[in-house]
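Trainee: Keeping their order, the protein sequence lines are chains A, B and C.
Just so you know, we're using UniProt numbering here: the first sequence kicks off at 1 and counts up by one.
Just so you know, we're using UniProt numbering here: the second sequence kicks off at 1 and counts up by one.
Just so you know, we're using UniProt numbering here: the third sequence kicks off at 1 and counts up by one.
I should point out that these hints are in silico values taken from the structure, not numbers from a laboratory.
Be a bit skeptical, because a hint or two may be false.
[To be verified] Pairs of lysine-lysine residues, derived as PhoX-like cross-links and limited to a Cα-Cα distance of at most 20 Å, are as follows:
#, chain 1, residue 1, chain 2, residue 2
1, C, K60, B, K60
2, A, K242, A, K262
3, C, K90, A, K143
4, A, K143, C, K60
In this text, all values refer to a predicted model and were calculated from it rather than measured experimentally.
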Amino acid sequence: MTDSDQGSFEEDRMSVAERMAAEALIVDVDGFEGPLDVLLTLSRTQKVDLRKVSVLQLAQQYLSFVEKAKALRIELAADYLVMAAWLAFLKSRLLLPPDPTEEGPSGEELAAHLAFQLERLQAMRDVAARLMARDQLGRDFFKRGLPEDVTRLRTVTYSANLLDLMQAYARIRTRDEFRPFVLDRESVFTMEQALDRMRGLIGFAGQWTDILSYLPEGWETDPIKRRSATAATFAASLELAKEGHVEIRQSETFAPIELRRKD
Amino acid sequence: MSEEIEQKEESLFEAPPIAEQERMIEAILFASAEPVSVAELNARMPHGSDAAEALAHLRKRYEGRGVRVVRVGDAWAMRTAPDLGFLMQKETVEQRKLSRAAIETLAIIAYHQPVTRAEIEAIRGVSVSRGTIDLLLDMEWIRFGRRKMTPGRPVTFVVTQGFLDHFGLENARDLPGLKELRSAGLLDSTPPGLGPTPSEGEEGDDDENQSEMFEEE
Amino acid sequence: MSEEIEQKEESLFEAPPIAEQERMIEAILFASAEPVSVAELNARMPHGSDAAEALAHLRKRYEGRGVRVVRVGDAWAMRTAPDLGFLMQKETVEQRKLSRAAIETLAIIAYHQPVTRAEIEAIRGVSVSRGTIDLLLDMEWIRFGRRKMTPGRPVTFVVTQGFLDHFGLENARDLPGLKELRSAGLLDSTPPGLGPTPSEGEEGDDDENQSEMFEEE
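So that you can see chain A by itself, here it is in the shape it has in the complex (with noise of 0.2 Å):
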């Protein structure tokens, strides 16, 4: 390294061929993978061992890389600025006497921290060469070519357990409780049927005739089909006799409804 007389042992100190490594370093930021990649390659310029790098040297070449970085108006992206300032701040506990009211790691102890990453980072990237180097399958060594299959002869069992057999069974049981609701058609003789039936055989009656004996044939005995046919033959009946067809009696609560052809 070179002594200059200028005292201050910034960018001076730096030989030519360092500064030219500095300014590389500027062109290449893109190829840099972050603050602490480009503090590595800074701390080489040391040529010493990582264990005895100069952080406050190290701090020093950031910043300057930083100012560089913008006289030359590249943008730097914000952890490059956050490293910087971080950097200052160390290099400024670095050089005032330790203030005994301050709390937190002291300036040495954050240098080393950071040498330590420095040197954990630059650890990694020697043993990921050396992983790399290593003989590796497919390209030194290789696996047998043509394997032999092991055929799988499989053989298959059911399971099923008794609350399986349960359930199944319910549900087939319970799947006819549940089809959705709807009216029994079979069972139902609606007003429209009674109507034109009645229709048909009013012109026969010409004399006072119990409505009971116009209920369809078949539906009298079973009772649900004789209770729909006989509320839909009287409702009929109502209907025939506001039209004016017929004329309906009762002779009292319960007896029997009659009806008869009006002229």
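Mind docking chains B and C on chain A? Use the hints.
Mentor: Below, chains B and C alone, put in the same frame as chain A:
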């Protein structure tokens, strides 16, 4: 990288020792996806090698081993010894859940045996595939029962002792009835207050069935 | 879904002689492209066999041959001798070009496992892209490990058997330079002699991590 070495070796013009050639063939045959001819071996090995001779040594070395060097057409390959073929089989027992169709069919047979296929279909409301019946027969959970004394004399199905064993039943009478299923919450989806339901009406039949259920073999 | 249950070979016969067991293992390992675990070897061999012992014999037999018996984690495989790689241009598989970020991330996972993403980022000083992790997962060189018992229970990454196989490592303890790194304190999160710093408060876990580091599959 590898080219460099090869060039170096070729430039020496001296064939590697036969033991080394044997190693090479071993590696090539092992890694190759296809049988390799002697010509190709020679082409791949350093200049001056004698693949045929090295191959003969290799063949001898593997005699009686778990792997052997075999001729395939006019090429060579390594294969596992034929007597160890059984090791290349992996016996696995796969447990599968019975399909819904199968378990429903089985349940109907268990509750209504002896039951014809037509009856099963009437109860399930869908047709029963031949495969489902075959599977249950195959598993020996059902078997053919007596023919029914109805027109066509259809075959019936009944459950087997194996079925009873599997489900931990002494006999099919132990199967819970619909009332029990309901009280066990298995039928709890029945809307309340419907009064006597058709299914309950059939419970009377169940007893009847069950007397029929245990026909002798 | 379908559970496979290895059917234990029940044999009333005595285990085959060790030389025969060796042949069997030879055949099984030879036939398989992927490492086979000792447990699987035992399962496939006749009842009473001792795969571990037979393996030791077999390994010895293949010493110095063109093909070797190698250990990969808790499994075993046969692989060609690395010095014969030059013969295998035909078998060489195109290696995926890994970015520097991917290589470093892989190394950090291998040496620091189980390691969280945040820890990887602390070491590299930059964020780790999702693509890098995905690529390594996709290559089956890394997999998810146990969650860390720290707030948020972050997932961790560990290297796989495939990673060991690819780099010819018997187990993660054999990683080059691992011992030196550990004794230099470079696998810790803080420099030796310094307490945890506010930025890396997870130090307490480290000792625990390292004992965990070689968790079995």
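Trainee: Hint by hint, note whether the structure agrees.
Mentor: Status of each hint after checking the structure:
no.: 1; hint: C/K60 <-> B/K60; verdict: holds, 19 Å
no.: 2; hint: A/K242 <-> A/K262; verdict: holds, 11 Å
no.: 3; hint: C/K90 <-> A/K143; verdict: holds, 13 Å
no.: 4; hint: A/K143 <-> C/K60; verdict: holds, 19 Å
Violation of the numbered hints given earlier is absent; every hint is satisfied by the structure.
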